[in-house]
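Chains as they are written, first to last, in this note's numbering: chain E, 1 to 266; chain A, 1 to 266; chain W, 1 to 266; chain F, 1 to 266.
Hints are supplied without guarantee of correctness; some may be wrong.
What the hints assert, rightly or not - Here are the computed distance ranges between Cβ atoms for each label pair: (1) F:106 x W:217: 34 to 44 Å; (2) A:183 x W:217: 49 to 59 Å; (3) W:127 x A:18: 48 to 58 Å; (4) F:126 x E:262: 49 to 59 Å.
What the hints assert, rightly or not - Residues from chain F that face chain A, not an exhaustive set, calculated with beta carbons under 8 Å: (5) 55; (6) 80; (7) 95; (8) 96; (9) 98; (10) 100; (11) 215; (12) 217; (13) 218; (14) 229; (15) 242.
Simulated from the structure, these hints should not be mistaken for lab results. Each residue gets a CB set at the ideal place from its N, CA and C atoms; glycine is no exception.
4 protein chains.
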Amino acid sequence: TGVIRLRAMAKAGALAYPIIAINEADTKHFFDNRYGTGQSTIDGITRATNILWAGKNVVIAGYGWCGKGVAMRARGLGAKTIVTEVQPVRALEAAMDGHQVMHMDEASRIGDIFITLTGDVNVLDRRHFDVMKDGAIIANSGHFNVEINLKALETMSESKRNVRRNVDEHRLMDGRKLFLLGEGRLINLAAAEGHPASVMDMSFANQALAVHYIATRDERLPVDVYDVPREIDSEVARLKLASMGITIDELTEEQEKYLTSWEEGT
Amino acid sequence: TGVIRLRAMAKAGALAYPIIAINEADTKHFFDNRYGTGQSTIDGITRATNILWAGKNVVIAGYGWCGKGVAMRARGLGAKTIVTEVQPVRALEAAMDGHQVMHMDEASRIGDIFITLTGDVNVLDRRHFDVMKDGAIIANSGHFNVEINLKALETMSESKRNVRRNVDEHRLMDGRKLFLLGEGRLINLAAAEGHPASVMDMSFANQALAVHYIATRDERLPVDVYDVPREIDSEVARLKLASMGITIDELTEEQEKYLTSWEEGT
Amino acid sequence: TGVIRLRAMAKAGALAYPIIAINEADTKHFFDNRYGTGQSTIDGITRATNILWAGKNVVIAGYGWCGKGVAMRARGLGAKTIVTEVQPVRALEAAMDGHQVMHMDEASRIGDIFITLTGDVNVLDRRHFDVMKDGAIIANSGHFNVEINLKALETMSESKRNVRRNVDEHRLMDGRKLFLLGEGRLINLAAAEGHPASVMDMSFANQALAVHYIATRDERLPVDVYDVPREIDSEVARLKLASMGITIDELTEEQEKYLTSWEEGT
Amino acid sequence: TGVIRLRAMAKAGALAYPIIAINEADTKHFFDNRYGTGQSTIDGITRATNILWAGKNVVIAGYGWCGKGVAMRARGLGAKTIVTEVQPVRALEAAMDGHQVMHMDEASRIGDIFITLTGDVNVLDRRHFDVMKDGAIIANSGHFNVEINLKALETMSESKRNVRRNVDEHRLMDGRKLFLLGEGRLINLAAAEGHPASVMDMSFANQALAVHYIATRDERLPVDVYDVPREIDSEVARLKLASMGITIDELTEEQEKYLTSWEEGT
């Protein structure tokens, strides 16, 4: 998300040197967010709580790439998945993917585990805590530690104690207990080890190759924010496939020609 | 794919009136291609052959939205899925989604069922037919009827007979039989009923609302090819969700503000 | 289920010759019921209605092998699955498999598609029809045509008309329409082609080998109802695997010895 | 597996008091082995290695309840699953469930991660280590520490060093490195926390209720090994469902009568 700021700086003429926005590379955000965050979020919650996922009602707030990844993995472990969203197209996609989609107000009453991945503030707020089941588990894997309204939770809590590493039990006035994981910070970093190496390798490869690209160009790249060149993105994917022992097809001359003729609309 | 031609016409100044390219709407191609083609391709092959999908090696050529949909559904029915691709990023995505990824030359030896969805020509060619197993089933769900090299298959065949509606048995010189479905035309149209109504409804809604949009504007839209306005896309998703009895969250004022501040990079 | 009657006859001394109960063979009921009924039930409903499964609330009554198969396949096509059961252990298994489990009284209000596979009568009864959504689809894949209370449905209906092959629209007094498929008979037989050949082959192989077994024994088999001999069951599985091009491991002498020592508890 | 020994003792008249074999309860072995071992095995390997499961070739030796659980969860995390078996019916079930099934000799060349759950010795032996890929990961989740031939691995290794908690790198003579997890002991105990509480609760409930059953009977139970009474099994499932907030259907009088009439074969 730092890219947004950099683009603003570029617009304002405040950039000192050219930037290639690695995060926009397909081999970065497709894989990092979906497969990396997907698995490591689940992993963090498992390490923190040792809960069994099978049969649990897992509420996932946000169905961007991260939310998709987490929903996919939670289901892969036998959970019943509930997705909340504010964007209709994404909500529809979640429904078509077989997840239950509903208001957070409704989901709050059902969920055993809540995971926020929206990039926005107070996605879980006082009115949600108010109706959660005794024993509900709350975690964030989205944006800093702002997605869960921690202040509201504190205010509602009669007492709070750490019951296990990364697990804080909040005892509410009415006797219910809610379990906050990792103090609301990114749970895959707080309680697990972040993304596995075999996801980060692609991000680092993009960085290395992008720096190489800037350094070895004949002319200096004008100061601006750039997308990762498509060739670098493809090259990273190719290298990764090779490391997995996978080789893929190449277009025949005939196929290349056919495709080009179509794309040109001739 | 007609859009490509229309854009070429626009460029050449040959368009007579403004066009809104419905196919680019999220509520069209996300759903139509993935869920619609995914299910109806499987359905077409099932109706044509009455095969059991469980345990079959299903080779899917192409991992675009259509290929993804078919791979997802084939696996959902218990098949072992093999994906072939020419684009490294897509190939990697297929591998990360748990599909086997390999050369078509290799997949040809393993597959029980072959489905082409690449948008290119001769994806299944003589050298593939040469090594396929006796009894292999071949279908296309991509682009016209050019993805399978029908002429090559004819040439290789000693005899051909229709053994079931939409199933032609090609007996090769070496005694093997290959079964071509629906004469290589789109199998979901040839052997099933195309997309279900609950997918087409969104496409038609986009069309209706786009025409309405053109007709009710204050000023005439200049002659060009346009994307579907984002509001229409969202509106279609919202209507569809409502028809499914699903209501979703809305941003609170606080959340809207937070998001905007981020997006503006301030 | 004819086996129950035959065992009763054996007990009563009313059998005229020895019987081998093919249905009890693992290679029969494991595969036939789960994979065969699973796929063909979905197939029957698809052919009858051409609905899109993705995003639908599918209510499956009964979580025996057939119900498991249907639930697994419905989910594989993107549906949200709801299971109803009367046996606690099965209900728990359904929940742990990630399905929603609830009373049919509750499921009746939510379901888009209902499928009965319980082996019992009136699983869908008047009180369920009373609360179903307008447009709900009702099918049976269990036991004869007794699982849906057809008489109650008739009585409640103001009018009835056939709107598509195998689809009868029942218009209720309050204006809602319910769609009954295949007149409540087994939907995979009514609207599809029953089990695929590659499931039936195992059942027939069991029959053939069992007859061979009876015919080629040195002594006549006493008149009674027998299970399929374990060797026949294994042999059918072995033949099937071979037909799929699959070879499997064999125990080494050392492994065989280790296993035996354990099983003997020495 | 202690039950085998107890039954042998009962046969030999060596038992001192009656035993109820908890392990045979449905609510024990169905859930414990499939969902418990399934998740916790994956968890143990993740904690030991922090690998990404998506896209990995995971070889699962044995397709009993434990193997099924692990295969299901590995796939749920995006892995490509390969199953090896010695029993044809199980092997066929694995194939129909969409897993690749092959000889361990072949799987050894492909696997990124190997997990043994067979209950037998030396399932991974010298000839397998001989052909494994550089970097392969080896873990056991079956029977003591006998499933992997540790002595053979030692003998083949030029050097061995601990590279991470629970990960021993074996450097073979030819330069390849194999990573043995948890010294070949049960990986869910060695590197994770064993079964989650919400699986063990059912096992303990069976134990408590079985002891209660023995203690509160009018007559003393004769000395022998007994199955868990079906009522206790059902009661545990019922209690578990209640704790999950799930209520299920009950047979109506009419349904009970119908079922009984069938089962009696009248």
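Hint check:
For the pair residue 106 of chain F and residue 217 of chain W, the beta carbons lie near 39 Å from each other, so the given range of 34 to 44 Å is met. Taking the beta carbon of each, residue 183 of chain A and residue 217 of chain W are about 52 Å apart, inside 49 to 59 Å as hinted. At about 56 Å, the beta-carbon gap between residue 127 of chain W and residue 18 of chain A stays in the expected band of 48 to 58 Å. At about 55 Å, the beta-carbon gap between residue 126 of chain F and residue 262 of chain E stays in the expected band of 49 to 59 Å.
At its closest, the beta carbon of residue 55 of chain F sits 4 Å from a beta carbon of chain A; the interface hint therefore holds under the 8 Å criterion. A least Cβ separation of about 6 Å between residue 80 of chain F and chain A falls short of the 8 Å threshold, and the interface hint therefore holds. Checking residue 95 of chain F against chain A: minimum C-beta separation of about 4 Å stays under 8 Å; hint holds. For the restraint placing residue 96 of chain F at the interface with chain A, the shortest Cβ-Cβ distance is roughly 4 Å, inside the 8 Å limit, so the hint holds.
The interface hint given for residue 98 of chain F is met, as the beta carbon of that residue sits about 5 Å from the closest beta carbon of chain A, less than 8 Å. Because the beta carbon of residue 100 of chain F sits about 6 Å from the nearest beta carbon in chain A, less than 8 Å, this interface hint is met. With its C-beta approaching chain A no nearer than about 47 Å, residue 215 of chain F sits outside the 8 Å limit, and its interface hint is violated. For the restraint placing residue 217 of chain F at the interface with chain A, the shortest Cβ-Cβ distance is roughly 47 Å, beyond the 8 Å limit, so the hint is violated.
Hint on residue 218 of chain F is violated. Least Cβ distance to chain A is approximately 51 Å, over the 8 Å limit. The beta carbon of residue 229 of chain F is not positioned within 8 Å of any beta carbon in chain A (closest approach about 36 Å), and the interface hint is therefore violated. This hint is violated: residue 242 of chain F has a C-beta 28 Å from the nearest C-beta of chain A, more than the 8 Å allowed.
Violated hints, in rising order: 11, 12, 13, 14, 15; the structure is consistent with all others.
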